[in-house]
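Engineer: Sequence:
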Amino acid sequence: MIKQIWSYLAILFGGIVIACGFNLFLIPHHLLSGGVSGLAMLIGYFSPFNISVMYFVLNIPILIAGWIKLGKRFIWFSILSVIVVTLLLEFIPVKAVASDMLLSAVFGGVLVGLGGGLSFRVGGSTGGFDIIGSLVTRYRDFPVGNVLVGMNTLVILAVAYLEGDWNLALASMLSIYVTGKVIDLVHISHIKVTLFIVTDRTEALLEQLLKRPRGVTKIKTEGAFSHKEKDMLMTVTTRYELAELKTIITETDPEAFVNVVETVTVMGQFRRS
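Under the numbering used here, the final residue of the sequence shown carries the number 276; numbering is consecutive throughout.
Warning: the hint list may mix true and false statements.
Within a straight-line C-alpha distance of at most 20 Å, the following computed EDC-like cross-link-like pairs (lysine to aspartate or glutamate) qualify [as the list claims (entries may be wrong)]:
(1) 233 x 203
(2) 233 x 265
(3) 223 x 234
(4) 184 x 265
(5) 249 x 210
(6) 223 x 258
(7) 221 x 234
(8) 231 x 203
(9) 223 x 210
(10) 233 x 210
(11) 223 x 244
(12) 249 x 234
(13) 221 x 210
(14) 195 x 258
(15) 214 x 256
(16) 6 x 244
(17) 214 x 254
(18) 195 x 247
(19) 214 x 247
(20) 221 x 258
(21) 214 x 244
(22) 223 x 256
(23) 231 x 206
(24) 249 x 203
(25) 221 x 203
(26) 195 x 265
(27) 6 x 247
Read the hints as simulated data drawn from the structure, not as lab findings.
When you get a sec, could you build the whole thing from the sequences and use the hints?
Structural biologist: Encoded structure:
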């Protein structure tokens, strides 16, 4: 129940942060965010259509596709995020906090990335290209932020062409790049780590570890000085799940020796979701 409440609060706070990034930093300078929000801004800048309404309308078909492919929980959180952002875009005044376009691009990107990363972290998204990015990373082991940056190139080229201002386009590109990097800092489930656990309580620890969706390999070892035989358990997990794993080990065997190393890549069967 507490976890569920935290998830909803994270979605709500993420939506607030994203809307602030849009209305206080990006929109006043006619800068673009990435994906569907960028398309909504582009339409809003060059037509009488409202940006918040376009943001909501453009998300509808993508959310429907995501409902079919990605599962109801993920899309429900995404729908909630889209609704929160849409409503807040109407209530937060469009007013530039910083007069400098470059500063606005950076800080707007940080806020949008922070809000998007929070949504990803609790199992949702901010809709739009985030859902497409999640579809890609479900089948290919790429960082979500990098996928989103790649898909936003056409949006940037469009604003450069329509505005006839490459300074604006390059500032938007910087903002989208910052957004992608912040998303990857907050949403870290694509980063793999390998744990080597030397323990005297093998069975008790295995009982807890095997409840998780990760495999465990048991290796017989011998201490070089004590010549005492022990078991070493090896498991690959994500950085996001590492805190939970540390808690399990500490509670089960406080005397266990644990070596955690970052894993460059994983081949074979590894559950990504």
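Engineer: Please verify whether residue 223 and residue 234 have alpha carbons no more than 20 Å apart.
Structural biologist: Answer holds: residue 223 to residue 234 is near 5 Å, not above 20 Å.
Engineer: Taking only the CA atoms, is the gap from residue 195 to residue 247 under or equal to 20 Å?
Structural biologist: Status holds; Cα separation ~14 Å.
Engineer: Could you grab the alpha-carbon distance between residue 233 and residue 203 and see if it respects the 20 Å cut-off?
Structural biologist: Holds: residue 233 and residue 203 sit about 6 Å apart, inside 20 Å.
Engineer: Run the distance test for residue 249 versus residue 234: straight-line Cα separation, threshold 20 Å.
Structural biologist: Judged against 20 Å, a Cα distance of about 18 Å means the pair holds.
Engineer: Does residue 184 pair with residue 265 here, judged by a C-alpha cut-off of 20 Å?
Structural biologist: Status holds; Cα separation ~19 Å.
Engineer: Measure nothing beyond the straight line between the CA atoms of residue 221 and residue 203; if it is 20 Å or shorter, mark the hint as holding.
Structural biologist: Satisfied, since the Cα-Cα distance of roughly 12 Å is no more than 20 Å.
Engineer: Could you grab the alpha-carbon distance between residue 223 and residue 258 and see if it respects the 20 Å cut-off?
Structural biologist: Cα-Cα ~18 Å, so holds.
Engineer: Does the alpha-carbon distance linking residue 6 and residue 244 stay inside the 20 Å limit?
Structural biologist: holds, 15 Å
Engineer: For the pair supplied as a hint, residue 214 and residue 254, is the alpha-carbon distance within the 20 Å limit?
Structural biologist: holds, 15 Å
Engineer: Quick one, are residue 223 and residue 256 close enough, alpha carbons at most 20 Å?
Structural biologist: Judged against 20 Å, a Cα distance of about 18 Å means the pair holds.
Engineer: Could you grab the alpha-carbon distance between residue 195 and residue 258 and see if it respects the 20 Å cut-off?
Structural biologist: Status violated; Cα separation ~24 Å.
Engineer: Is the hinted pair residue 233 and residue 265 satisfied, with a Cα-Cα distance of at most 20 Å?
Structural biologist: Distance of about 24 Å is beyond 20 Å: violated.
Going through the hint list in order, the structure does not satisfy hints 2, 11, 14.
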